[in-house]
Every structure is written in structure tokens, then in C-alpha cells.
Amino acid sequence: MNVKNIRQDFPILKRKVNGKRLVYLDSTATSQKPKQVIEAITDFYETYNANVHRGIHKLSEEATEHYESSRKKIAAFISARPDEIVFTRNATESINLVANSLDWKKGDEIVTTIMEHHSNIVPWLELKDQGMKVKFVDINDDGTLKMEQFGKLITKNTKLVAVTGCSNVLGTINPLAEISKIAHDNKSLLLIDAAQSAAHTKLDVAAINADFVAFSGHKMLAPTGIGALFAKKSLLEKMKPFMKGGDMIKEVTTESATWNDVPYKFEAGTPNVAGAIGFGAAIDYINRIGIDSIRQHEKELIGYALKLAEKEKKMTFYGTKHIEERAGILTFNFENIHGHDVATILDQEGIAIRSGHLCAQPLMSRLSINSACRASFYLYTTEEEIDILFDAFKNVRKVFRID
Amino acid sequence: MIEIYQENILDHYKNPRNKGELKNANIRQKESNPLCGDVLEYQLLVKKGVIEEIRFIGSGCAISLAAASMLTEKVKGKKIEEIKNLSKEEIYGMLGIPLTPSRVKCALLCLKAIKVAAYSYLHEKMDEETF
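Chain order of the listed sequences is L and X.
The first sequence maps to residues 9 to 411 in the working numbering.
The second sequence maps to residues 277 to 407 in the working numbering.
There is no bait here: all hints are sound.
Within a straight-line C-alpha distance of at most 20 Å, the following computed DMTMM-like cross-link-like pairs (lysine to aspartate or glutamate) qualify: (1) Lys406/L <-> Asp287/X; (2) Lys28/L <-> Glu279/X; (3) Lys406/L <-> Glu279/X; (4) Lys323/X <-> Glu357/X.
Hints are computed from structural coordinates only; laboratory data are not their basis.
Based on the sequences and whatever the hints tell you, model everything.
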């Protein structure tokens, strides 16, 4: 994997911020986009922009072909079938679709974990009003899941186990196959929030036997506003659509309507065609580089960063040091300094990091902190950029007089 | 080196004025920026319509805490009625630093807390959006 060549594909990386070359360490919030993705979107609007599925004319046929081809690419990427892929806006919408469309009954339980992003907590909390129960698996001090708690929290009433592939704060890569076995041995369904993991680690839904997987395109080189839900076809067929309107129907009379086949019955209204086409181009790009090469690169980067972290005093670095279970996410705090102050100082050097509660307030409470700083890496990140980050820590120490 | 972390800001952040509990306070007002994790509570002793004592407790970033500290000095001895007219511009002027859009809410947490305190003491209604 040639990072120097890869960086040439990302026009934004040439940008200067505050007079310095941009050091983009916020890929966990959203990834940057390669020109191949940007060009695919431009090409759609410039040469075959049309609505999909219903048009008989040439442009509509071309648009439909590209839209459906993206669905096939996403399916192949995770070893699924195209009719098991529903286009959504993002992982949040994918999870909300499951929360709204599964046949819940009073007393059903959902087991999730304390390390989840709000997107994999809030939709379940909403179900509590209907008599459902939500339980949380805790973490160990090193930021890995307390695996033994799954067995204790899962009961005969557990309908769904909803867990992230990778913590967006701690960088923990969760043992999905093991969690899947525990869930299925109990006849519970498994939902994976892959927003954070899909772009970084290989995901084979067939091998893991996942029932639902939620994705966001924008975290994996695609534009914002496009995501996907994988669900087993047998489940999709039983589930009720929670949005109704055009494109999701077979026949409509003034009395009633019949739903279209899966996955179309879940795609009401004109979809984000350009976004889906961009998503397809993003998958092509990742495939060209190779997901395993990306993972290897990020493993090397986090290993390098954790080594530098050992020398830093009066700082806390969160998460496991075992890089096999660790993504390219480095979350930290300076003693008694708020994350926003650190982010502001680093911004002066052109370094973009995230600070705040990182959309994981229950985890922040669990760690007894109000906020944290997060630097996150992707295929275009270099060791040199990590050096620049650690070098800029000196500025934080200088401003706040930390010795 | 960095314009917003000027000496007076860091001084108020590291050595906050009027920080701590005010046991005989007759107004307590807590405000927070949940997205940042900033929390601030003003405790005031108001006698005959005048702020005789003011203290604050809270946690947050340097900007929000420095502003909270500076504001205690600014309002001590003022009539509670005058607090209603405190403006955002006065807070920016008090801080004297350039604020990016994402840091404005850090600076204004103290203003919101003190104004909510004043309005509720006077039993008057405040526009929570524009304050």
C-alpha cells in the first residue's frame, strides 16, 4: 500500500489551515473523499442524471443500472446478497429502521453495550415506552467488553443483541463472531453497528451470521447522506416498512396499497441516487487498495501512536494497547484541560481532531469524564502526521503550563 | 502564540475569582452546555436589589470558566435590574479575544446563567433563545 500515491487521490489533503498543511485526524467523524468518488458523482449529474426504477428512457435506465450496481458492490463487499441491502441515509437511519420495523412485543429485551455511539442507544431507549427493556454490557478497564456479562444479561426475552463493530471512542474492535454465537445460541437476533468498522476491517456477514448490519457511507469514502442496512432476506420479508410512499409499492388503489418486494419496500420516495453511486465508487476504491491492507496500515499507525503516547506525562490515553483488538483511534485527555481547549490549540497547527463527548455520553459517564480528545486515522494518514500531532502537544503544555 | 489564550484568560482560568459555595446565597442558577460538558452555577446574595456577593462553581473549558470568573467581578455591586441589559457584546468585550463560531457558546454560558438568575429573581420572563 503506497500512502503517498493514495494521498494524491484526495484533493482536500493539499489544503492549508491557519497557514499550515492540513493534518486531518478526524476520519472517525467523517472520512475524506477521493477524486474517484467525487468524479463518479459529477459524472452522474453531468451525463445521466435521472430518476431511478420507473423511467423507460435511456437516462433513467442508466441511472437505475448504476444505482443497482452500487447495491451489488456493497453486498459483495460484506458477502451478502443484493436484495439484502437497503439504502438509507446513514447508520442511524438503518438502526431506526430496525427499531421501527421489527415485530416487538411487550417485555422484549435488547442487550447492547456501554461503549455504543448514541445511534445504537437512543432508538432502543425509545422502545422502553412500549414496554421493552434495554440492558448494557459493561467494559473492562482496558476498554474491552466484559464478555462474560452477555451470558448473564441475555435471557429468553432478549429479542436483539445490538453491538458496535468498533468503539468510536476507545477504538476497541469487538469479537463479533463470539457475540453472534452467544446471541444465536439464545435465539436472539444480532445487529452490528458497523458505522465505525466497515471501512477499516473485513466484515463477512455470512461467516459472522449477522442478522442486521448498519453502515454510513460517509465514514468509508462515500458522500454524506447515503448509508445502508444489511438484513437477512427472511427478516426483511417479515418486517413492515416504516416509511410509505412512492417506489416502495407494487399496486395502489384508493382503498389500499401492496408493498413492493424487498429491499424496495424499505426505500420510499426518490432515493439519494448520486449518493448511492458515490458509495459504489467508494467501495471500488477500498477494494482496489484492499481492506486487509488498510487494516494493516492502521494497525501500524496505532502501534506507532501508542508508543509515542508512553512518553507523555500528565495525559490519559484510553483503550487497549493490544493492537490486534484496536482500530486507528487515539482518544486522550490532558490532566485538567478540557478537550475543546486542546482542539483549539491543535487547530492553530492545521490539525483537525475531535473533542467533546464524542456522541457517547453513557461511555463518558462510565469513564468519569465530561469530554475527551480523539485523533483518528485512515488509509491516507501517515506516521509523519502522528509526529506532527505529538509535536503540537508541546503547544498545549506551553499554553497551559503543564510540565 | 495563540490569540484566544491570552494572559488574562489563563489567569482567570487558573486562579478563578469568587469560586466556591456561597452559603447565604438567595439565588442559585445552574446552566450547562451538554454538548461540551460545561456546567456552571452562579450563587448570588442580593440585598435591596443589589448583588452584594457572587460566587460560582462549575467545570468546563478555559474560555467558559475564565468568562464565568471575569463576570463575577463585573457584576458584583451592580443592581440586579441592570443584569437584564447585559449584552453578548459586553461579554466579548470583557474577554477581549477573537472567538470562532464554535467557541461562542463557551463564552456565553456565563451570560445565560446570570441573566436567567436575574429574570427569575425579578419574576420576569426572559427570551431563552436570544437572551
